[in-house]
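K.L.:
Turn these sequences into a full structure, and let the hints steer you where they fit.
Protein chains in written order, with our numbering: chain A, 1 to 338; chain B, 1 to 338.
Everything labelled a hint here was simulated from the structure, so no lab data went into it.
Distance condition first, Cα-Cα at most 35 Å in a straight line; then the derived DSBU-like pairs of lysine-lysine:
#1 B/Lys278 with A/Lys262
#2 A/Lys124 with B/Lys189
#3 B/Lys276 with A/Lys277
#4 B/Lys245 with B/Lys306
#5 B/Lys78 with B/Lys306
#6 B/Lys189 with A/Lys276
#7 A/Lys306 with A/Lys2
2 protein chains.
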Amino acid sequence: MKIAVDVMGGDHAPEAILGGCKQFLEAESFRDAELVLFGEESALRTFAGENAALANRIRLVPTTEVIGFDESPTAAYKKKKDSSLVRAFETVKAGEADCVVSAGSTGALLTGATLTLRRQKGVKSPALATLLPTVTGGCVLLCDCGANTDCKPGYLQQFAVMGKAYMERVAGVENPRVALLSNGTEAEKGNALTKEVHERLSQMEDINFIGNAEARELMSGNFEVLVCDGFDGNVLLKGFEGAAKVILGLLKEAMYGSLRTKIGGLIAKPAFSVVKKKMDYKEYGGAPLLGVNGGVIKAHGSSDAKAIYNALRQAYTWVDGNLVSVIGETIGSIQIED
Amino acid sequence: MKIAVDVMGGDHAPEAILGGCKQFLEAESFRDAELVLFGEESALRTFAGENAALANRIRLVPTTEVIGFDESPTAAYKKKKDSSLVRAFETVKAGEADCVVSAGSTGALLTGATLTLRRQKGVKSPALATLLPTVTGGCVLLCDCGANTDCKPGYLQQFAVMGKAYMERVAGVENPRVALLSNGTEAEKGNALTKEVHERLSQMEDINFIGNAEARELMSGNFEVLVCDGFDGNVLLKGFEGAAKVILGLLKEAMYGSLRTKIGGLIAKPAFSVVKKKMDYKEYGGAPLLGVNGGVIKAHGSSDAKAIYNALRQAYTWVDGNLVSVIGETIGSIQIED
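P.N.:
See the structure below:
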């Protein structure tokens, strides 16, 4: 199997990306994987020189352009033909690699996935999913979390199908429970979209649908897939992020407010570290884009080497689990109206 | 001025509600206010007996029914004619009180406001707003947070108008900054609804519109009114709530995980208290329902006496600021399409 890596994408590229690649290549479990590295020539050569033992498992593809976070994604993707991201997608399209991993611009990644790889047959709209930890020690896939605003009911049905496939094949969860994000747990709660989706999901025999879930349940561990419109998924994800920042900020401020609490704060520091680690996206890998002809993992923009390692691990399981074919077959076997 | 109080609504009714009424009546600032109390006769009589000095500022209205949290709101509201909530609304409708305060079922409150008080002339749909603290020490009004799913653009424009009026007249904020909840700060980000609303709000001269805001900014203090569809407002509010619960839970667990952190946890306890107080809805009063012919404050279901006191204080400022008339005049003066 071959994974295409955008070495130039992300806040800490190329060092963090190459560091993650090294960890991945050296790990016992992935000895049958090869990496195709797209990026600035001298960085690639230095990396190859320093890791001569890995030479037979890396292929270097020097590129001359980079798509930045501040560019218009579509325009940049169309214009920068020799960028690391465009070349990586072209390689997957040509069948010379199975999955793209990038910590660069989300917009450019979505553009590339759609323009170059294209939607899988039968998929109405690809979904960007995010894997989050739960308080019960498992994880939950929020799907969609930003690729689609203004979804039709059939989109969300397919998000359920693709999310289930991902959790089964990549996260190893048997018969994952699927919930629908709504403004109340009762079946009659919701907006026009979610009411229709609730009705439809209830009738899908292959989906282990447990009903509506409220936003506060995101990390409860009550389900493994949470289906929603991308606008709402974005609100939920960023709301959680904002709340975490506010609370930890207030706690720190309060702990340095008096001598007594200052000492407490210093002693309590390890607890903060535990919580941060538990909430850490780096532990869980990147965001999979589901429904295009090839694997796509969006690593967080601020990824360090460890986050990239985890994204590569995720890409490996994706390819190993044959996720693209599974999604294609499953979507093809179910008639879903818009 | 007269405030109608649903003494039977809420988890801790009637004790907590009556406790809040007592605090309010005894406070220096509200000596010109009278309370009309709706509830179970013996509870009201006991309260009146114990507070003989306040007798000239309370009116007791014994009622025989209560609308519970587990009932269908509309059916219960229509059926239970002698419930504390229905009688309170009828009294405001009859002009014998200016504002209803209830910690009971939100659904029943919305039903009562719509069926009994009715929408103000020109208001497309009343909005349930929530007042939240910000990290900069101010507060922000999230509007709508649950009364309306499937909003049309004109609804959100009116939420901006009503939210502005509330923050000016009740919270005392001059020319409040209004933001629009979206999935990105750029003007072109959003779904079909928010893109249209962005365009329209940009053209409203009387609204201090600062553009889109992401969910993570809710408590940033960058704006005083955050306008959104009620479905998204619910997701945001409950997402924040869920995140807070998860993080504080994990921190506590971690702090009791080892002796060192246990001691730290005990010493750091005051810091937790400070944060809890800062995040405490009880400090900020209830959720105002804007756009009906009368004041309506929904206090939190789990309100204690202090929360009820704050909701009454809020009702007082509402009536004192003549908010219903101000909203009526402002909405009447602006032509807004659906």
